[in-house]
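Chemist: Residue-level listing of the chains:
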Amino acid sequence: MPQNIEIIHARFRVAHPGFTLDVDLQLPGRGVSALFGASGSGKTTCLRAIAGLEHAPGGYLSVNGEVWQDDSRGLFVPTHQRPLGYVFQEASLFPHLTIRRNLEYGMRRVPKSARPENSKIASLQHVVELLGIAPLLERMPHKLSGGEKQRVAIARALAASPRILLMDEPLAALDLKRKNEILPYLERLHDELEIPLIYVSHAPDEVARLADHLVVLEQGRALASGALGETLARLDLPIRLGEDAGVVLEGEIAELDAEWHLARVAFTGGNLWVRDNKLPIGQHVRVRILARDISIALGTHLDSSILNVLPATVEQLADDTHPALSLVRLNAGGVALIARITRRSAAKLGLHPGQKVWAQIKAVALVG
Amino acid sequence: MVTISDPALSAIWLTLRLATVTTLLLFIIGTPIAWWLARTRSWLKAPVGALVALPLVLPPTVIGFYLLVAMGPQGPIGQFTQALGLGVLPFTFWGLVVGSVLYSMPFVVQPLQNAFDAIGERPLEVAATLRAGPWDTFFTVVLPLARPGLITAGILGFAHTVGEFGVVLMIGGNIPGKTRVVSVQIYDHVEALEYAQAHWLAAGMLVFSFVVLLLLYVFNPNGRRK
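Here the protein sequences line up with chains Y and U, keeping their order.
Counting from 1, position 319 in the first sequence corresponds to residue 319 in our numbering; the numbering is continuous, with no gaps.
To convert, take the position in the second sequence, counting from 1, and add 368; that gives our numbering.
Chain Y extracted, bound-state conformation:
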């Protein structure tokens, strides 16, 4: 087995009565990989197997060149000897320790030789600042709100200098308000972390905001695994982040239009105008465009109310779930978009791969 340095290779087969997990995943050794799927799809089992909390017999796992499990050689590194951080769905802080002692618990157990000297996450202070928990340090866990607890749990995992961070639906147990309180911190992690993060979720908005790499699990199998944008733009798979197909684009705020309260997001394939949410110029953002919000025209219509119109090339046409509808994959300057139109419209416009069209985008959602 060649050991690629910047890669996570996980091969597990778990068979419980009524449930099987059978995956062979290659995940990037940096950035956020989301394991997305409904409950019972095996995503948590997969994460637990990566952590060694569950021993999948006959499995193989290497993380950035280090083999943690290879049952063909009888190798299974127990969880407490794996340099990982794990955030559970419930914060699971130790109730008998103060927040500070909770944070120090893992940190103090990092072997001296494994303490990274120049890594930023090594210092407790940095972790405390990153998650904004300085005022909580001397309190006991039961005095904290759900959102605060979860931030401490994330900080505690980071303080142990992990080489990979695993998160099992860290926001699922929180209400919307708490969730929105933590998401910005997770985005900061995404930007600052030098280690890979594997994020288990069934929430489309979290995946859209955080993931770089998407693995879609269904009934214990990986339906798709690839970069977020590409995977979402595949027409051959019924992949829906939420109620509708759509893509996520990355760009940055390039211009603010004070008069109309709009912001221009520049991305590889062009520009999109979105509502100005008081983000500074240069801010890295993600926007989500649903297939139902894109219509296709053969020419530009200057007399339309639609603000965002991008030149694009038709790449592929496919049937949608309803026989009246079809999905069209477009290429806008190298970025994939999906449009849903009626089959009648597709026929009327004579759409075919290679055709130059205009993508009229009715709605763009800023997701982070």
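Calculated directly from the structure, the hints in this document are not laboratory data.
Certain hints may be false.
Some chain Y residues judged to face chain U by a derived CB distance under 8 Å, without partners named [unchecked claim]:
#1 79
#2 80
#3 96
#4 105
#5 106
Where is the CB? At the ideal position from N, CA and C, for every residue including glycine.
Based on these hints, arrange chain U on the given structure of chain Y.
Modeler: Just chain U now, with coordinates in the frame of chain Y:
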């Protein structure tokens, strides 16, 4: 006026010594048993659990009888202790300790087992992901979280040992300063129709037992609710 006599003081002192040694030994022996019972999925769990609970239902004389036979010169334990040069245990302090440990075992093991059960899997998993090995986890997470159970186990084990009579009589007999504990002393007084002395000790036991249980319920309500 009736004063607490020398024999009574010696009986009280012996009783406290016996209960203390027994409780300490029960923590050492009972903790691993309780941990194993709380964690195992082995088929042996039910038989071992039943074995530990036996003293709850058996007459103390039955336990005392079998121990007397087993620890006697012809019994397997007796042969063993003789081989070690320790002589035989019946009618000695350490014989009483062995009997008490067995007799009070369920009162220590069951609260501990309940406390370990209540902790659940999650804190152990969290500790493992924070690089704590199994022993480390046991001492830094399990024991602190099981504290109400530990207190309950200690108090019940101690109090139950103070209150035993049948086992002591069977394997300890009635040797002043050596095996004559308070409960036996009371029995002696009653036999001898010394009701005044019996009253003193009996009332003392009553108050002691009430205070112990009161402390348990007042300061450790969670440990008993389980």
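Chemist: Should the interface hint for residue 79/Y be scored as holding, given a Cβ-Cβ cut-off of 8 Å against chain U?
Modeler: OK, holds: residue 79/Y within 8 Å of chain U, min 4 Å.
Chemist: Checking hints one by one. Is residue 106/Y an interface residue toward chain U, by the C-beta closer than 8 Å rule?
Modeler: holds (3 Å)
Chemist: Double-check residue 105/Y for me: the hint is only fine if its C-beta lies closer than 8 Å to a C-beta in chain U.
Modeler: Status holds, d = 5 Å.
Chemist: How about residue 96/Y: closest beta carbon in chain U under 8 Å, or not?
Modeler: Holds - the Cβ of residue 96/Y comes within 8 Å of chain U, reaching about 4 Å at its closest.
Chemist: Have a go at the residue 80/Y hint: is there a Cβ in chain U nearer than 8 Å to its own Cβ?
Modeler: Hint on residue 80/Y: holds, closest Cβ of chain U at ~5 Å, below 8 Å.
When the structure is compared with the earlier hints, no violation turns up for any of them.
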